[in-house]
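Input sequences plus hints: build the corresponding full structure.
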Amino acid sequence: GAVVSQHPSRVICKSGTSVKIECRSLDFQATTMFWYRQFPKQSLMLMATSNEGSKATYEQGVEKDKFLINHASLTLSTLTVTSAHPEDSSFYICSASAGMGEKLFFGSGTQLSVL
Amino acid sequence: GENVGLHLPTLSVQEGDNSIINCAYSNSASDYFIWYKQESGKGPQFIIDIRSNMDKRQGQRVTVLLNKTVKHLSLQIAATQPGDSAVYFCAESVSGTYKYIFGTGTRLKVLA
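For the record, the sequence lines run as chains R and Y.
Our numbering numbers the first residue of the first sequence as 31 and each following residue consecutively.
Our numbering numbers the first residue of the second sequence as 632 and each following residue consecutively.
Simulated from the structure, these hints should not be mistaken for lab results.
If a hint is listed, it holds; no wrong ones were tucked in.
Listed next, the in silico DSS-like pairs over lysine-lysine satisfying Cα-Cα at most 27 Å (straight line):
hint : chain 1 : residue 1 : chain 2 : residue 2
1    : R       : K71       : Y       : K730
2    : R       : K94       : R       : K44
3    : Y       : K699      : R       : K133
4    : R       : K133      : Y       : K730
5    : R       : K96       : Y       : K673
6    : Y       : K730      : R       : K50
7    : R       : K94       : Y       : K673
8    : R       : K44       : Y       : K673
9    : Y       : K730      : R       : K94
10   : Y       : K702      : Y       : K687
11   : R       : K50       : Y       : K673
12   : Y       : K702      : R       : K71
13   : R       : K133      : R       : K71
Below, a sample of chain R positions facing chain Y; criterion: calculated Cβ distance under 8 Å:
hint : residue
14   : T62
15   : K71
16   : S73
17   : L74
18   : T79
19   : S127
20   : G131
21   : L134
22   : F136
23   : S138
24   : G139
Note that beta-carbon positions come from the ideal geometry of N, C-alpha and C, so glycine has one too.
Printed below as a string of structure tokens:
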């Protein structure tokens, strides 16, 4: 089946640094990818929709200058957490679909810990 | 997708018994549904999907039932095993859109 690859799986960084997370669709092209944040024992919170070749669409309350999204190709979207702070520590997950109303596949997630 | 950030209900099942996890969806226009399994520290894993032209679909040890009249979706797991312990959540979507709405999720605990 379709696979979405996400890495790194875990990253620890110092406060004030930036962290980039990659999300790749391995066997299908994804014009649209999604980025989520998940707190312990809670459901997924959609942060933004990443659109290939255009600007990402951010959900209300998500700072676009804080969470930079780049979707430069049909198989790669990146999320950069800029000037990370301890409150940005969380589990970040991406997902991708081959088309509208089609199966949505998730990456394995990235656990970000900001010291 | 939309956000649901609530604490998760828990279903405890004896190993070997059947599990039934329920999901009420919100949009009567939704015509595509997916069940996911999420283990601790991992991304959600696709289990099974169903389109609105079907009422039931079976996979390996899993069955999804769709009741469009009451906008209800269920996931049945036969002969539940310890490895089935995880959080399960449903997703609904409308064909022709990239909009996915996720359910709150249910934590399944399998008791030995």
